Amino acid sequence: MNLFIQLIIKVLIIIQLLGGFVVYAKVQQTVNIAYLAQGQDAPPALSNLDPFIKNKGMVGAELAVADNATTGQFTGQQFALKKFIVPQDGDVAAVFTKQIAGKFSFVVSMLPAEPLISVADLPEAKQVLILDAASSDDSLRNGQCRNNVLHLLPSRAMRADALGQYLMKKRWGKWFLVVGTAPGDRLFAEAIKRSAKRFNMDIVAEKTWEHTYGARRTAQADVAVFSQLDDDYDVLVVADEQGVFGEYLDYRTWMPRPVVGTQGLVATAWHRTHEQWGATQIQNRFQDQAGRWMEEQDYAAYLAVRAVGEASTRTQSNELKPIKDYLLSEKLALQGYKGSPLSFRAWDGQLRQPLLLAAPRSLVAVAPIDGFLHPKTELDTLGYDQPESTCQWGK
Amino acid sequence: MMKGIRMNKIVTGLLLSLALAGWVNAETVFVTLEKDNALAVVDPVAGTLIKTVPVGQRPRGIAISPDHKFLYIATSDDNTIKLFDAETLKELVKLPSGDDPETFALNPAGDKLYVSNEDDSLVTVIDIAKKKVIKQIKVGVEPEGIAVSPDNRWLVSASETTNMVHWIDTKTNEVVENTLVDPRPRAVSFTADSQQLWVTSEMAGTVTVMDVKTKQLLNSIRFAVDGVTADKIQPVGVVIDKDRRRAYIALGPANRVAVVNAQNYEVEKVLLVGARVWNLAFSPDQKRLYTTNGVSNDMSIIDLEKLTVTQSLGVGTYPWGVAVKP
Numbered sequence: 001m002n003l004f005i006q007l008i009i010k011v012l013i014i015i016q017l018l019g020g021f022v023v024y025a026k027v028q029q030t031v032n033i034a035y036l037a038q039g040q041d042a043p044p045a046l047s048n049l050d051p052f053i054k055n056k057g058m059v060g061a062e063l064a065v066a067d068n069a070t071t072g073q074f075t076g077q078q079f080a081l082k083k084f085i086v087p088q089d090g091d092v093a094a095v096f097t098k099q100i101a102g103k104f105s106f107v108v109s110m111l112p113a114e115p116l117i118s119v120a121d122l123p124e125a126k127q128v129l130i131l132d133a134a135s136s137d138d139s140l141r142n143g144q145c146r147n148n149v150l151h152l153l154p155s156r157a158m159r160a161d162a163l164g165q166y167l168m169k170k171r172w173g174k175w176f177l178v179v180g181t182a183p184g185d186r187l188f189a190e191a192i193k194r195s196a197k198r199f200n201m202d203i204v205a206e207k208t209w210e211h212t213y214g215a216r217r218t219a220q221a222d223v224a225v226f227s228q229l230d231d232d233y234d235v236l237v238v239a240d241e242q243g244v245f246g247e248y249l250d251y252r253t254w255m256p257r258p259v260v261g262t263q264g265l266v267a268t269a270w271h272r273t274h275e276q277w278g279a280t281q282i283q284n285r286f287q288d289q290a291g292r293w294m295e296e297q298d299y300a301a302y303l304a305v306r307a308v309g310e311a312s313t314r315t316q317s318n319e320l321k322p323i324k325d326y327l328l329s330e331k332l333a334l335q336g337y338k339g340s341p342l343s344f345r346a347w348d349g350q351l352r353q354p355l356l357l358a359a360p361r362s363l364v365a366v367a368p369i370d371g372f373l374h375p376k377t378e379l380d381t382l383g384y385d386q387p388e389s390t391c392q393w394g395k
Numbered sequence: 001m002m003k004g005i006r007m008n009k010i011v012t013g014l015l016l017s018l019a020l021a022g023w024v025n026a027e028t029v030f031v032t033l034e035k036d037n038a039l040a041v042v043d044p045v046a047g048t049l050i051k052t053v054p055v056g057q058r059p060r061g062i063a064i065s066p067d068h069k070f071l072y073i074a075t076s077d078d079n080t081i082k083l084f085d086a087e088t089l090k091e092l093v094k095l096p097s098g099d100d101p102e103t104f105a106l107n108p109a110g111d112k113l114y115v116s117n118e119d120d121s122l123v124t125v126i127d128i129a130k131k132k133v134i135k136q137i138k139v140g141v142e143p144e145g146i147a148v149s150p151d152n153r154w155l156v157s158a159s160e161t162t163n164m165v166h167w168i169d170t171k172t173n174e175v176v177e178n179t180l181v182d183p184r185p186r187a188v189s190f191t192a193d194s195q196q197l198w199v200t201s202e203m204a205g206t207v208t209v210m211d212v213k214t215k216q217l218l219n220s221i222r223f224a225v226d227g228v229t230a231d232k233i234q235p236v237g238v239v240i241d242k243d244r245r246r247a248y249i250a251l252g253p254a255n256r257v258a259v260v261n262a263q264n265y266e267v268e269k270v271l272l273v274g275a276r277v278w279n280l281a282f283s284p285d286q287k288r289l290y291t292t293n294g295v296s297n298d299m300s301i302i303d304l305e306k307l308t309v310t311q312s313l314g315v316g317t318y319p320w321g322v323a324v325k326p
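Line order of the protein sequences matches chains A and B.
For what it's worth, the numbering used here labels the leading residue of the first sequence as 1, then goes sequentially.
For what it's worth, the numbering used here labels the leading residue of the second sequence as 1, then goes sequentially.
The set of hints was computed from the structure by calculation and includes no laboratory data.
Among the hints, a few may not be true.
[To be verified] Residues from chain A that keep clear of chain B, each with C-beta distances beyond 10 Å, as calculated:
hint, residue
1, N32
2, T71
3, E206
4, G278
5, A365
[Claimed, not checked] Just so you have them, the derived chain A footprint on chain B, three or more residues with Cβ under 8 Å:
hint, region
6, 55 to 64
7, 178 to 185
[Claimed, not checked] Listed below are several chain B residues computed to face chain A (Cβ distance under 10 Å; list not exhaustive):
hint, residue
8, S159
9, T161
10, V175
Values in this document were obtained by computation on a predicted structure and should not be read as measured data.
By construction, the Cβ of each residue, glycine as well, lies at the ideal position given by its N, Cα and C atoms.
Just chain A, same shape as in the assembly (with noise of 0.2 Å):
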């Protein structure tokens, strides 16, 4: 009797191990992914130090699939990525359904918040899984969230909320904020106040920034007449997302302050200043393929590349369905070169992931900062958490 259950244990184990193991499927299965891009206007220059780059995004999904090719050729997949760049003047959602759509499961969209919104309401997109790397707007995460798209860049609020922890744990709680005339402005103020709010930091003056000084004012007059205020504060906070006149503070201000928000101190997801948790060989890996530094977009792009190969290796599948199913479930660890596993938030599909607290030549800090706490993981500490969220497709 006892030698008899022990040899129905003995069978259930060999049986539970075959089927958790990973059995190699040698037939060939590609895993097709679409690039999807527009031609976009080279923004006004501060300087000749950082030359514009065209293809942001492109070279870190290229670097990705080859990533991935890595991965299949030992497990019988191959990767393929073809890319769509559709002229400024072009037309994106005839591209799309024409080109990408029926054929391709899976695209890497860097397209604004607009087109991309427009071309994830086509009726062609239903069967398709769109990884944003390019937006980093709120409300496709909140209201205009929809259920075909998983943004990888981190939102206006993630980056708000690690400059407000990271403000607060310097005890730096009173804050100037400067905003551009541009929209994109305007919500990272947004995100900025949301913050404060959030950390009880008090933003004690906010004034907008016109652009308007002529032939003969110049930026370092301005700067300091305009930064003289009745109360103090402890920093600057700028929101200028072209950096059209972010980089003019730092140094002219009336009080000697620090700058932080998009220029001085910036909360991102990528940086060159970046070495730890093995940054160094992917940096290195970049650099030999671009010949430049990796940007952010080529960060997020790299990510989305990567988790479609990440979940097609692991489910042993090239479908939408599983391979959705996969990159939502608690299952996924994405190595994302910042000492935490990545995975996407399943109220809204946001990549939860450390962000990095960069000076133009220095890492400064890494949030979530050590401290802020949370019951599930720290790194929900950023950005819009379950219960505030107002996305209703994960519900």
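Keeping the supplied structure of chain A fixed, place chain B upon it in accordance with the hints.
Below, chain B alone, put in the same frame as chain A:
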């Protein structure tokens, strides 16, 4: 008076010989200090840092030769693995390791060195006596953990981004099999009987135990630590005692070492050590375990009979690898 002097002499002589015997017998622990470009030399029995010796740019991986006469240290930013006299700590030779060497393994005979070249997805095989590269083996992206089975049958390389362990035949230096493991495998370690391979997966927070003969999964071990979120449990270094009674696993930023029953794979205890515990090494009698704690700049000494941490010892900036000389 005469008697007194003689007694003194005898006592002094006795003390001297005791001290000498002690000096000869006591083991020495070597810890590479990544940010100090140096090696910390520690007397673990006395619990003291004896000295710190400069060894080269960004020293990380470290190993001692089977006869305990030589130390191998990967000085990553010098792009070489250096050979030192383990007694005098004089640099003897620079080996051609390929770019940015970090981790490496010696074969049991101590005549071959296998190096992971992370940036190039290669494992470099070096003939130590000839100081020559014999072969470069293509593996997955970002190879890290590397180990040779004690019976010298297998060389195993784990690639962090490909999430695989590659089984390399030591006779042919060819990859003969690949096994998918949990995300970001870091360290690989064989049991003394060469029957099992233990693999830590940093991002998944797991340890995979594999049967060497079948290359199949025997068990996957998970960890839970009170007051520490799952993200922070990131297994790195792993060692298994010679009787395969217990395994010890460094849990990285969870700042703890897990004690695992190597027979039934149950976690028996977690011991608080230091910040970002990284690599582990046994004392020669396997009564103590030494840990390097990367962020708190110290090492911990664990009494394995009592399963308690007996000492934390400051050694220098970014302690990385650890090796023990009997």
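Right, here's what the structure says about each hint:
Every beta carbon of chain B lies more than 10 Å from that of N32/A, the smallest distance being close to 20 Å; the non-interface claim holds. The beta carbon of T71/A is not kept farther than 10 Å from every beta carbon of chain B, the shortest such distance being approximately 5 Å. For E206/A, the non-interface assignment is confirmed: its Cβ lies about 36 Å from the closest Cβ of chain B, beyond the 10 Å cut-off. With a least CB separation of 6 Å from chain B, G278/A falls inside the 10 Å interface cut-off, contrary to its annotation.
A365/A, annotated as away from the interface, keeps every beta carbon of chain B farther than 10 Å; the closest lies near 14 Å. Coverage of a stretch by a chain is defined here by at least three residues with a beta carbon nearer than 8 Å to that chain's beta carbons; for the region 55 to 64 of chain B and chain A the count is 0, and the condition is violated. A stretch counts as covered by a chain when three or more of its residues have a beta carbon under 8 Å from one of that chain; for the region 178 to 185 of chain B and chain A the count is 5, and the coverage holds. Given the 10 Å rule on beta carbons, the hint for S159/B holds: about 8 Å separates it from the nearest Cβ of chain A.
About 5 Å separates the beta-carbon of T161/B from the nearest beta-carbon of chain A, less than 10 Å, and the hint is met. Taking 10 Å as the C-beta contact cut-off toward chain A, the hint placing V175/B at the interface holds, the least distance being around 9 Å.
In the structure shown, a violation is registered for the earlier hints numbered 2, 4, 6, in ascending order.
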